[in-house]
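Chains as they are written, first to last, in this note's numbering: chain S, 753 to 958; chain B, 66 to 373.
FYI, nobody ran anything at the bench for these hints, they're computed from the structure.
Only a predicted model underlies this, so the values are computations on that prediction, with no experimental measurement involved.
Treat the hints loosely; a few may be bogus.
[As the list claims (entries may be wrong)] Here are some, though not all, of the chain S residues that point toward chain B, as calculated from beta-carbon distances under 10 Å:
| hint | residue |
| --- | --- |
| 1 | 790 |
| 2 | 806 |
| 3 | 830 |
| 4 | 930 |
Glycine residues also receive a C-beta, built at the ideal position from the N, C-alpha and C atoms.
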Amino acid sequence: MAPATGQNASPMSDRDIDIDLVERYVGGDLEAFDKLVSRHQSRVFGICLRMLKDRHDAFDATQDTFVTLFRKADRYRAEAAFTTWLYRVTTNVCYDHLRRQQRNRSDSMPDHLDPADPQAEDFYASADLRPSIEEALVALQPEFRAAVILVDLEGLALETAAETLGVPVGTVKSRVFRGRKLLAQQLGNLRQGSTHQNSDTPGPDS
Amino acid sequence: MHRHDQDLIMALAEGTISGTAADEARHEIESCQQCRLDLEMQVGARSWLAEARPVEMTEIETARLRRNLDVELAHERSPAAVTPSKSSQRWAKLQWGPIVSVAAVLIAVVLVAPQLDLLGGSDDSADVAATIALTDRADAPESASVTEDSVRSSDGGARDQGATAQEMEDLTAAAEAPAEDDSFFAGTTTVAATAGDAADGALAFTSLTEILGQLQAADGNTEVASDALQNLTYLSFRAAVPPINCLAESAEAVEESLERSVLGFVELEDGTDAIVIVHYGSGEVVTAVVAHDPATCAAIGSVTPEGP
């Protein structure tokens with residue numbers, strides 16, 4: 753798809769721009785890949801940070817996501833929005849990292865050697881991921897967390913989130929509903945009825 | 066709770082229904098204590114989430130991501146781009162002098178510049194140079210192949226700490242610039258270099274001789290020296306292909322090699338591609354420059370500096 757040019761050409765939508773960039777990259781244009789990264793790195797990183805809590809893990813997951821992108825871009829089919837495919841890759845990479853975190857939980861050694869980034873530390877302290885909020889999000893089961901992040905923080909429609917997560921819309925709706933409920937309980941900013949404390953502890957799709 | 070109730074509560078909390086439908090939904094929920102509490106929680110959680118600020122990568126993280134992806138991309142694409150050496154005899158005819166000179170000057174600038182305040186009064190540039198060069202110390206565990214993690218530790222290790230955000234931005238800008246775009250080298254300096262075709266991972270180092278000449282001519286000109294150093298190290302980093310960086314093989318090829326550094330993935334003057342590794346001995350003196358076949362990592366040529 754050629755970029756829109758000329759006075760009468762309608763501007764390309766974000767979706768069309770993404771598809772154009774993917775096609776160009778698959779055709780060998782490395783600059784197109786750079787542009788894809790620039791366009792999406794913030795949101796991918798945001799999803800990863802909120803999913804994984806740890807900034808270094810989030811960075812690694814972001815990198816893994818884009819490595820997957822450049823290795824498998826030719827598998828993308830333009831029927832779905834590129835972002836749907838990208839966020840699906842992102843959440844899958846995050847699930848992999850969470851499984852790895854689970855396995856390495858007993859290992860007290862840090863798994864990264866990157867130096868401290870003062871800017872990142874300041875941001876971390878002052879941003880929305882204040883400890884209580886961060887803990888509340890991270891305390892959610894990954895399936896609930898992913899649904900809440902995609903729908904409430906990334907603004908995806910339920911249908912898009914369902915496609916991204918590979919589950920039915922009803923399942924996403926249920927996960928978002930219960931995820932929000934657990935968040936509200938965890939944050940303690942609403943009254944908590946003791947009769948409801950344990951009503952959402954079963955698995956995400958029970 | 067019935068799904069019907071859940072849908073109504075979510076619709077009310079999200080404001081996706083209004084008018085009569087909303088009134089009816091509220092009326093239905095009013096009679097259910099659990100539903101009222103759930104609605105309160107949905108609204109409360111949404112309100113809190115709406116206040117969340119977008120998460121951004123820092124400039125350093127962005128630059129690091131781009132560098133790492135550059136390396137990964139170069140690795141992915143290198144097998145097709147690499148043309149193995151056809152005859153080791155050609156190496157006997159190579160002009161090794163310029164390569165040794167480039168390596169020696171690079172090392173000298175990295176080691177001496179911070180002390181002479183050559184790089185703008187801080188050792189940040191030197192840190193960047195050290196960061197970018199993939200090195201292999203003799204006292205460190207040897208690794209036959211460099212994995213993704215070790216790439217991170219090499220290019221983002223402790224020596225990265227001194228790199229400023231501006232330097233990282235510069236590197237990122239260079240990564241984003243088209244190969245033939247020399248704007249990265251523009252400004253008050255006249256340093257020029259051709260990055261070659263970044264897509265095939267090989268760089269023509271013939272232009273480095275020119276940079277070297279200008280670096281020497283700069284003789285204390287901080288801006289020129291700093292830019293030239295950054296260009297050299299950036300090109301060298303971008304050219305290095307870690308998974309086939311041949312450091313382990315090179316260690317075996319040179320006796321008494323204490324430390325090794327990948328100079329780059331070099332296209333030599335006769336058009337042959339090679340991974341060139343600089344060896345240092347005691348006192349960080351260059352002891353050898355070894356060329357390796359990019360496909361097999363076999364040492365296919367070497368040169369040692371002439372004695373004093």
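Sort out which numbered hints this structure fails and list those numbers smallest first. 2, 3
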